[in-house]
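Protein chains: 2
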Amino acid sequence: MKAMRETFDHELDQLHVRFAEMGMLVSEAIFRAVKAFIDHDKKLANQVIERDLAINQCETDLEKMTLELIALYQPVTSDLREVITILKASSDIERIGDHAVSLSRATIKMKGTYRIAEIEVEIAKMGHHAYQMFEAVLDAYVKRNLQQALEIAQQDLFLDHELAKIRQRSVEIMQVDQQSVVSGSYYTLVATYLERIGDYVTNLCEWIVFLKKGEIVELNPGRNDDLQE
Amino acid sequence: MKAMRETFDHELDQLHVRFAEMGMLVSEAIFRAVKAFIDHDKKLANQVIERDLAINQCETDLEKMTLELIALYQPVTSDLREVITILKASSDIERIGDHAVSLSRATIKMKGTYRIAEIEVEIAKMGHHAYQMFEAVLDAYVKRNLQQALEIAQQDLFLDHELAKIRQRSVEIMQVDQQSVVSGSYYTLVATYLERIGDYVTNLCEWIVFLKKGEIVELNPGRNDDLQE
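Residue numbers (the UniProt record's numbering), protein chains in the order written: chain A, 1 to 229; chain B, 1 to 229.
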C-alpha cells in the first residue's frame, strides 16, 4: 500500500512538472507576443505561432497522463482534486496560448499599416498587465496561495476597463482619420485577445480555490462585459 | 455489485440529462442571440444575457456531480471516459454561451448606429451556420456518431472563411464611409464571436472521438487562423 502511494505521488509529481513546463511555455508566448506587437517585430510574432504546437502537445500529453493516472490509481479527495484540476486548468492555459497566437497573427497582418501611438501605449499596458497576471497565477498555483488567487482575479477588472477605453478611442480616431481604419479595427481585436487572457487567468484562480477548499466558485461573476462602456 | 452498477448507471443518466439540458439552453442562446442581432432586437438580446446565469449554474452543477461520481464509484475505462467527457465538454459549452452573451451585448450597443446591410447578411449566414453546427454536434454526441463528428468539424472552415471576408469588407467600407466606423468595428468583433463558437464545436467533436475511440485527437489543426486573409 505504501509502495502504491509512493508510485502515485511520483506520477503526480510528473504531472506537475509537465504542467509547470506548459505554464512556462505559455508565459513565454504571452511575453513574446506582446513584445512583438510593441516592437512591430514580425519575426518574433512568427516564433510565437510556431511554438504553439509544443503548447498544444503539452495539453494532449497532460490529458493522457491524467486519464491514465485516474484509471490506474483511482484517487479520491485531495488527490482527485489535484488530478482533475490539472485536467481542467490545462485547457485554460492552452487557450491563453491560442490568444497569444491570435495577437501574433495581428502583429504580422498589421506590419506596414498606419499606426496610432497613443493606442499602442494602452495596448502595451494591457499586454504587460496580462503577462504579469499569468506569471502571478502560476506562482499562486505552485504555492497553493488562496489569498493571492483572489487578488489576481480582482486585477482582471483593469483589463475589462482598458478594453472599453481602447475600443472607444479607436472608434473616435477612425471617425476623423480615414487612414487609421485598418489599424483601428485591429486594435480592438488585439485588446479583446488580451482581455480574454484575463478571463482565463481568472478561471485558473478559481481552480486554486477548488484545490484549497474543494469548492467550485465563480470569481468576478458578470465579467465578460467586454463590450460595456 | 449489480446494485452498485445500477446506481452508477442511474447517476450517469442523471449527468447526461443535466448535460443535455445545458446543451438545449445554449442552443437556445445562440439561436436568440443571432435572431436578436439580425432583427436589431435589444429586448431579446437582454433575455440571452439574463439566461446565461442558468447556463453557468449548469456547468457548476455538472462539475460537482461529476466529481462526486468519480469519488464515489471510481469508474474505469469507458465509464470514466463518459464522466471525464462531461467534465471537459461542459466547459466548452459554457464558453459558447459566453459568446452568445458577447454577441447580445454587441447587439445592444449597436442599437441606433448606422448599419451596413451587405455585412449583416454575411453575419446572419455565419450565425445560422454556427447554430446548425452546434445543434448537429449535440445530436452526434447523443448518438455517439463518429462520422458525423468528423463532418461537423470540417464545417468550421466556413466560419473561418466568412470571418476573413467580413473583416476585409468592413475595413473597405469604413475607409470610404466615415459614418460606418462604429458599426464596422462591431461587425468584426461579432464575426470573431461566431468564429470562436465554431472552434468550441470542433472541441466537442474531439470529445466524441474520445468517447468512441479513447483517443485524444486534434481536428482541424492550425485552425484559429482568425486573422488570416
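Hints in this document: simulated from the structure, not taken from any laboratory. As the structure is a computational prediction, the values presented were derived from the model and not from experiment. It is possible that some hints are incorrect.
It does not matter which identical chain is used: a pair holds within one copy or between any two.
What the hints assert, rightly or not - Here are the simulated lysine-lysine pairs, PhoX-like style, with alpha carbons at most 25 Å apart:
id, residue 1, residue 2
1, Lys165, Lys109
2, Lys43, Lys213
3, Lys2, Lys42
4, Lys64, Lys88
5, Lys64, Lys109
6, Lys35, Lys212
7, Lys213, Lys125
8, Lys165, Lys111
9, Lys2, Lys125
Verification of the supplied hints:
no.: 1; hint: Lys165 - Lys109; result: both (23 Å within a copy, 15 Å between copies)
no.: 2; hint: Lys43 - Lys213; result: neither (44 Å within a copy, 39 Å between copies)
no.: 3; hint: Lys2 - Lys42; result: neither (54 Å within a copy, 62 Å between copies)
no.: 4; hint: Lys64 - Lys88; result: both (13 Å within a copy, 13 Å between copies)
no.: 5; hint: Lys64 - Lys109; result: neither (36 Å within a copy, 43 Å between copies)
no.: 6; hint: Lys35 - Lys212; result: neither (35 Å within a copy, 43 Å between copies)
no.: 7; hint: Lys213 - Lys125; result: neither (33 Å within a copy, 45 Å between copies)
no.: 8; hint: Lys165 - Lys111; result: both (23 Å within a copy, 19 Å between copies)
no.: 9; hint: Lys2 - Lys125; result: neither (51 Å within a copy, 60 Å between copies)
In terms of the numbered hints stated before, the structure departs from hints 2, 3, 5, 6, 7, 9, listed from lowest to highest.
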